[in-house]
Structure formats: structure tokens, C-alpha cells
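Undergrad: Take the sequences, apply the hints, and build the full model.
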Amino acid sequence: MGDAVVRISQKRNARRAVWIKVLARDGPFSAEPRPLTLHAAGRESDQSGRRQSIVKRFVVFWRRSDGRMIVVQHSHGPNDLGEVNKSETGFIHYALDVTAIVAITNVQGTITHVNNKFCEISGYSQHELIGQNHRLLRSDAHDKTFFREMYRQIARGQVWRGEICNRRKDGTTYWVDTTIVPHLNAAGNPDSYTSIRFDVTRRHQIEEDLRHAVSTDALTGTANRRRFQEYLTATLELSNSIHTSVYLALIDIDAFKEINDTFGHVAGDNLLKNFAERLRAFEAENIFIARLGGDEFGIVISDKACADVPALLDEVLDSIKQPVWLGDIKHRYTASIGVAAFPMDAKTPDGLFKAADMALYHSKASGRDQRQCFAPRLQLAVEYKSALLQAVEAGLDRNQFSLHYQAVVPTVPGKSISLEGLLRWQHPERGLLTPGAFLPEINDPGLESEIGMFVVERAFKDMARILEESLPVDRLAINVANADFRSDRFVDRFFELSAQTGISPDRFCVEVVEQVFLGTNFQSFQDRLLRLHDAGVELALDDFGTGFASLTHLRRIPIDRVKIDRGFISSLPASGEDLVLVKGIIDIAHALGKSVTAEGIETEEQATLLQQLGADGLQGWYFSKACTMERLPYVLLQLLSRSRYSDHALQIVAPSRA
Numbered sequence: 207m208g209d210a211v212v213r214i215s216q217k218r219n220a221r222r223a224v225w226i227k228v229l230a231r232d233g234p235f236s237a238e239p240r241p242l243t244l245h246a247a248g249r250e251s252d253q254s255g256r257r258q259s260i261v262k263r264f265v266v267f268w269r270r271s272d273g274r275m276i277v278v279q280h281s282h283g284p285n286d287l288g289e290v291n292k293s294e295t296g297f298i299h300y301a302l303d304v305t306a307i308v309a310i311t312n313v314q315g316t317i318t319h320v321n322n323k324f325c326e327i328s329g330y331s332q333h334e335l336i337g338q339n340h341r342l343l344r345s346d347a348h349d350k351t352f353f354r355e356m357y358r359q360i361a362r363g364q365v366w367r368g369e370i371c372n373r374r375k376d377g378t379t380y381w382v383d384t385t386i387v388p389h390l391n392a393a394g395n396p397d398s399y400t401s402i403r404f405d406v407t408r409r410h411q412i413e414e415d416l417r418h419a420v421s422t423d424a425l426t427g428t429a430n431r432r433r434f435q436e437y438l439t440a441t442l443e444l445s446n447s448i449h450t451s452v453y454l455a456l457i458d459i460d461a462f463k464e465i466n467d468t469f470g471h472v473a474g475d476n477l478l479k480n481f482a483e484r485l486r487a488f489e490a491e492n493i494f495i496a497r498l499g500g501d502e503f504g505i506v507i508s509d510k511a512c513a514d515v516p517a518l519l520d521e522v523l524d525s526i527k528q529p530v531w532l533g534d535i536k537h538r539y540t541a542s543i544g545v546a547a548f549p550m551d552a553k554t555p556d557g558l559f560k561a562a563d564m565a566l567y568h569s570k571a572s573g574r575d576q577r578q579c580f581a582p583r584l585q586l587a588v589e590y591k592s593a594l595l596q597a598v599e600a601g602l603d604r605n606q607f608s609l610h611y612q613a614v615v616p617t618v619p620g621k622s623i624s625l626e627g628l629l630r631w632q633h634p635e636r637g638l639l640t641p642g643a644f645l646p647e648i649n650d651p652g653l654e655s656e657i658g659m660f661v662v663e664r665a666f667k668d669m670a671r672i673l674e675e676s677l678p679v680d681r682l683a684i685n686v687a688n689a690d691f692r693s694d695r696f697v698d699r700f701f702e703l704s705a706q707t708g709i710s711p712d713r714f715c716v717e718v719v720e721q722v723f724l725g726t727n728f729q730s731f732q733d734r735l736l737r738l739h740d741a742g743v744e745l746a747l748d749d750f751g752t753g754f755a756s757l758t759h760l761r762r763i764p765i766d767r768v769k770i771d772r773g774f775i776s777s778l779p780a781s782g783e784d785l786v787l788v789k790g791i792i793d794i795a796h797a798l799g800k801s802v803t804a805e806g807i808e809t810e811e812q813a814t815l816l817q818q819l820g821a822d823g824l825q826g827w828y829f830s831k832a833c834t835m836e837r838l839p840y841v842l843l844q845l846l847s848r849s850r851y852s853d854h855a856l857q858i859v860a861p862s863r864a
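Heads up, the sequence shown is in the numbering used here, so the first residue is 207 and it goes up one at a time.
By construction, these hints were calculated from the structure, which means they are not laboratory data. Do not rely on the hints blindly, as some may be mistaken.
[As the list claims (entries may be wrong)] Dumping the calculated BS3-like pairs for lysine-lysine here, alpha-carbon to alpha-carbon at most 27 Å:
no. : residue 1 : residue 2
1   : K479      : K527
2   : K527      : K510
3   : K667      : K621
4   : K831      : K789
5   : K479      : K553
6   : K621      : K831
7   : K479      : K560
8   : K553      : K591
9   : K560      : K591
10  : K831      : K667
[To be verified] Derived Cβ-Cβ restraints for the label pairs, each shown as a range:
no. : residue 1 : residue 2 : range
11  : G620      : K831      : 20 to 30 Å
12  : G499      : E808      : 49 to 59 Å
13  : A490      : E589      : 34 to 44 Å
Quick caveat: nothing in here was measured; it's all calculated off a predicted structure. By construction, the Cβ of each residue, glycine as well, lies at the ideal position given by its N, Cα and C atoms.
TA: What follows is the structure in C-alpha cells.
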């Protein structure tokens, strides 16, 4: 706040020179000769502070074009009384009364004067206000420190400016933009205070509405993620200062995407509203609930004993299980919860959120419909996965991945050897890894898709070499995952490579596993498989019998080959039950026009039995282990050297040592 003294020569009387003291909010007042809008006027007093007809000080309040208040104090000598135009003073009082809320108090805060606007906004009459302390209007919006600083400033004779929330007679509150000007006596001490106020309640209401809009979830009416982050940060700061615990629980609806897809987005929105309503039933002074996005909600619990938190969250889960109507259908749903504690599990808001998120992921992976608490081992698992993802990315960039090939040998004349390309990772520290050592841990569709692109590109490259070297190979099979069929990218790339290399699609086989039939994107998956099949690509169903596929799927998808999982083969011929199952699979597949390959053959006895049962192809270590592209010609030569028939049907007599 700056003070400036500007000497203005008033031409109304040549003998009169008036000093104007301007108390402006931002730096010196500019005496630009342009009219200002007058908003308030001053008072009269003598040197002793008693009101009389001799003017000593005249305080004028001006409102600039930018809306800020300017306080102008005219100082007059005893001979200047006649210069004060009485009609001008009357107009000033009138303008003040119709535009501003004016009150005068003594130094003790007792109200000595109020104008009509003050009575209108406060709801009190002049009779009820005069003689009362100004604390009558005090609301709970400001603490003692606020008023202590204000009184300290005006007691020093300084003008105070700010916004105050007061309470009306009916109990409602209102906000006023306030300027308080101390009146100084001859000794320079305040003997009264004149306050000029303007109603800014509407602006505060608009601001409050905006704050509510930006901090509230529009769908559910709960706090949103922004408000949640603010609350969590403030709560942790308070907890840290008073050494208490805070618990963060993350909760989301199990299989919400499937519910949304099945019943529609309107039903999904209604379910979210119902979910939020059930959660809000648990809201309390120390329990804060917010929607973080999608179907995920956050619960912040403070001032609770550690033993009470699990019981509370179990009650939350029980309330979620109550049925809800989705349209005309009564539906039951469940939720999963992950919870972490401050400061035991993390010491920052971000750290606590990550810990609770890890616990939620563990809850989902453990079967859903439960709560799981954070444990350090979860952090280790996350760190391991993160390091694994980075290592896989680096491995793809550094050419550490390759395809090893295992032969699928025919059991009847007229068939040629086929190959299955098996992914291998030459890890710089752990050596040669099979997919089982890293793929199940990835669970990253984007990275899985990149691995799929590597497989198809390497398969075409190696098939080009096989054809160039005239190796006796019929087809080359590659394994694909759900991630490869989330879009057309894999299939489009397959056909691009076929066109670039001139290799016909019918030189390839694509192997899928039973789990693909259970995905929500099954239709798009099926359409992309059909594109491949229609171009001549053989389709094989891998690991048959280990998942949940039904015989119906063998009819819906044009599967050409069924591969019996090694789990049924390993116990042959000792297990009579597995023998019956294998025989049944072979017979049914043949009846449906499918060929059958048995995997995991390790003994001559198994090979002979499966050939007798009617298997069309045999694959396993009994014939050869998976080998690199460089060793493939030697392995094929060893297999063909044991052939009984010139057309490559194999005589099963002894395993290859390759």
C-alpha cells in the first residue's frame, strides 16, 4: 500500500490551497484530470474529536474505473469552512447512502452510526444496531487471527482493506468488500472507525459454484479426483503433524466393463450412481469418498484404529453385494478393495496411492470380491515387472529374441514335415529363456503386440531362407495371443509381408489357445482369423483340453487342426482315463474334419500308441528339441534319415540326438 501526497490547486478560490492525501491500493495516485465516480463521503470533527460545525478533516471515497477504492482526505483550516459547499456535502451523503454500506464504530467496536444499506443487508434495524458491538455480525468464516491482524492495523491509524463474511439477523451470511478508515484525533490516535462496504455475496456464490463444479463428479455427485488429491494431501499433512495414521482404500466394481457391454452405458451409469450412493452411506467426518475415474473410487479414513479399518471395509463390500435393478433385470455385483496405510506403507500422497493401487491389483488377481492390504512383497513384484518390461523392450531393440523350430512329423504317407516356431529370448544375464519364463509376467497388451509383430516378421524371414535352401518343410506355425488381434495391425502386416516376400499364406499355420474364445472381443478376433483362413492360412487350436473351449467353438471357427496338450500325453500309456480322453478327442476331431497333432511326446511307446490311436502329427523331444535356424537343416536331415517312406512318413524307431 503506497501513500502519495498530491498538491492540487483548486481554482474555486485563489487564496485556497488544499492538500489531498491519497491512500491508494497500488502505488501513487495519478492526478489525471478526469472525473471519478464518487462513492462515499466523510465526517466533521474538531481537535478534541467532538462533532461540531468546524471542519477539520473531510474524507472522500472514490471508486476508480477499475473498481478499486481510493480514499481522499481533504485537510481544511478554520478559515476554509465557507469553502465547503453545503449542497455538495448533502449530495455526497445521498450518494453514499444509496450505493455503499456505511457504519461508524468507536475504538471499542461499538456501533455509533449505520446507514440504510447497512440495515437492509444485515436485516437489523438502526435501533437494534446502535450501541451494539460489531461482533454481533460476526460469522464463523474467519478465525481470531484474521480479526486480530485487522484491529492491529487500524489501531495504528492505517486503512484496512479486505473482504469479510458477516451474519444476518436470520442467520444467513453475506460477503462485503470492506475499507475501514480510522479517524485520528489531534494526538494522531484513532478515536473512531468509518467502514465503507460493498456487497460481493453474488460474486462469492459464483466462485463457490465454480469451486463445487470443478471438485464434484458430475455423474455421481461425489468429490472428484481433483478434490480427492487436495483432501488427501491436506489430511496427510495434518496427520503428520499430530502423528496419527491415515488409510487409503481404492475400490472398483468387478467386471464393470462386461456389465457395461452387456446392459449398455445407460445401465452402467446407473450402476455407478448406485455404487456411489452405497459408498456415501459410509461418509462421516473422518471418512471421505471420491470418484477417481471410471468405476474406481477412493476412500480416505482418518482417526480410526488400525483394527477398525478392515471391519469397516468388509461392511462396505457387504453393502455392495445387495442386488440392484438394471432396467428390468435384478443384478448382483461385487467390488474389490486395496488399502494402504500412512505412514507405515508410504509417506507421500503419491506413494500411498501407488501402494493402495498395488493392493487393489492383488485383490483382483486373487479372485476379486475381497480386500487386500499392501505388503512390501507387492512392491517387489511391481518393481520386478517394471524391470522385466524394460528388459523385454531392450531385448527387442537389441535383437535378443529369435524363433527356435521344432518339427511336427507326419504319421501317414503323403504328408510332409511341418515346423512350429517357438519364441526364445537370449537374456544377457539369465541365458536362453522360453516364453513361460517371461510372457505370463508381462500382462501388457502393447508390449505383447510388439512381440507378436516380431514373431510374424521373423517367421517370414526364416521361411524365405527355408525356401531358398529347399528344406523339406510344408508349413511353419506361429503362436498368436489376444493382443495380436486387438486391431488389424497383425493381420495387415502378415499380408504386407506375404506380398513383399512372395511367400504364399498357405505356407503358414496360426496357432491360437482356448482362452481367446472367452474374450469380450471374440467377434473381432473371429473376423481376423477368417481373413487369414480365407487366404489359405491353416488355423490350429493349441493346448486343447486345458481351457474352457467347447466343441461349439470348433464349429464356429474354421479350425483345421487340433493340438492335444502335453498334459494328456505325459501319463500315457499308464493312465487309462487319459487314454480314453485322447482317443475321444481324436475321434471327435476327425468326425468334424479336423486333423490332430499330439504334443509333448518323449518316448517311443507314446509315439507308437498315438500313431495307433490315429493322431495325424507327432511333436516332442522324442523326435527333436527346438533348434535355431542355423541347426534346422541338420535336424531335418536326421529325421528324414529315419523315414520309412520316401514321402516323409516317419518310422518310429529311435529319437534324434540333435
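Undergrad: Take a look at whether the Cβ-Cβ distance between G620 and K831 falls inside 20 to 30 Å.
TA: Distance hint for G620, K831 holds at roughly 27 Å.
Undergrad: Mind checking the alpha carbons of K560 and K591 for me, to see if they're no more than 27 Å apart?
TA: Answer holds: K560 to K591 is near 15 Å, not above 27 Å.
Undergrad: Between the alpha carbons of K831 and K789, is the straight-line distance 27 Å or under?
TA: Roughly 26 Å separates the two Cα atoms, so the pair holds.
Undergrad: Is the hinted pair K831 and K667 satisfied, with a Cα-Cα distance of at most 27 Å?
TA: holds, 21 Å
Undergrad: Do the Cβ positions of G499 and E808 conform to the proposed distance bound of 49 to 59 Å?
TA: Given about 51 Å between the Cβ atoms, the range holds.
Undergrad: CA of K667 to CA of K621, is that 27 Å or under?
TA: holds, 24 Å
Undergrad: For a C-alpha distance cap of 27 Å, please report whether K553 and K591 respect it.
TA: holds, 23 Å
Undergrad: Check the hint pairing K479 with K527 against an upper bound of 27 Å on the C-alpha distance.
TA: This hinted pair holds, its Cα atoms lying about 15 Å apart.
Undergrad: Would you check the hint for K479 and K553, treating anything up to 27 Å between C-alpha atoms as holding?
TA: violated, 32 Å
Undergrad: Below or equal to 27 Å on CA atoms is what counts here, so check K621 against K831.
TA: holds, 21 Å
Undergrad: Does the Cβ-Cβ separation between A490 and E589 fall within 34 to 44 Å?
TA: With a Cβ separation near 36 Å, A490 and E589 satisfy 34 to 44 Å, so the hint holds.
Undergrad: Does K510 lie within 27 Å of K527 when you go C-alpha to C-alpha?
TA: holds, 24 Å
Hint 5 from the earlier list is the only one contradicted by this structure; the remaining hints agree with it.
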